[in-house]
Amino acid sequence: MARLSVTLGLCLLFSCAFAQQPPPPAAGSCAACHGQEGQGTAAFPHLAGLGEAYIRRQLDAFASGERANATMKPVASGLSETQRQAVAAYFSSLKMAPADSASAEPPDGPGRELAVHGRWDQELPACVQCHGPDGRGIGEDFPPLAGQPAGYLEDQLKAWRAGQRPAGPQGLMGHIAERLDADDLKAVAQYFAALPAAPKESGHE
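Going by UniProt numbering, the residue at position 148 of the sequence shown is 148; the numbering climbs one at a time, nothing skipped.
Since the hints were made in silico from the structure, they are not lab data.
Every residue, glycine too, gets a C-beta built ideally from N, C-alpha and C.
Each hint should be verified, as a subset may be incorrect.
Pairs of lysine-lysine, BS3-like flavour, derived with a Cα cap of 30 Å [as the list claims (entries may be wrong)]:
(1) K73 - K95
(2) K73 - K186
(3) K158 - K73
Cβ pair distances, simulated, as ranges [as the list claims (entries may be wrong)]:
(4) P110 - A53: 30 to 36 Å
(5) P98 - P74: 29 to 35 Å
(6) P22 - D121: 49 to 55 Å
(7) A53 - A97: 19 to 25 Å
(8) G78 - H175: 31 to 37 Å
(9) T82 - D183: 40 to 46 Å
With the hints as constraints, model all of the structure from the sequences given.
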């Protein structure tokens with residue numbers, strides 16, 4: 001029995017060690033704004049729970065200048081391709097912490113209407129058609145929106161409208177952003193920001 005207990009203890013010890021890999025050195029420059037565990041802040045988006053391929057693609061776009069951002073350009077371009085891949089793999093492996101406001105109801109109004117139903121008379125599909133129920137993300141091209149800072153989401157919609165970041169598959173986000181006015185941008189951003197960020201599920205990207 002004692003030997004079994006020791007064996008089980010060692011198994012648990014090693015499983016924890018492998019489950020909690022230290023961040024790669026290159027992740028230190030990210031943690032200053034996005035947090036060591038990628039949970040984000042009121043001003044900077046969370047990286048935990050985003051797909052590895054998606055994070056890598058954004059880092060490459062920042063590095064090349066295809067996605068314009070004065071803060072991220074020098075950070076991303078200062079990383080080698082290997083380092084960008086390591087950073088993407090690390091943050092994608094992390095889970096979002098449960099939100100304190102998980103039981104709060106998201107705001108009703110024009111933001112929810114756009115997010116859930118779209119505006120088909122203007123050829124605007126519902127956001128959740130691509131980004132999934134409750135904005136939890138689908139696949140490698142449509143990341144989670146739930147729980148991201150409202151200001152960040154609004155700024156990204158403005159960037160797509162101005163052609164300052166890649167418009168995604170079939171130029172979809174560029175076409176959508178062009179059809180949203182300032183009130184629409186703010187409302188839909190506030191709606192998704194109010195949703196609890198879901199912990200990453202196994203196999204989800």
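Here is what the structure says about each hint:
no., hint, in the structure
1, K73 - K95, "holds (26 Å)"
2, K73 - K186, "holds (26 Å)"
3, K158 - K73, "holds (18 Å)"
4, P110 - A53: 30 to 36 Å, "holds (33 Å)"
5, P98 - P74: 29 to 35 Å, "holds (34 Å)"
6, P22 - D121: 49 to 55 Å, "holds (52 Å)"
7, A53 - A97: 19 to 25 Å, "holds (23 Å)"
8, G78 - H175: 31 to 37 Å, "holds (33 Å)"
9, T82 - D183: 40 to 46 Å, "holds (44 Å)"
In this structure, none of the earlier numbered hints is contradicted; all agree with it.
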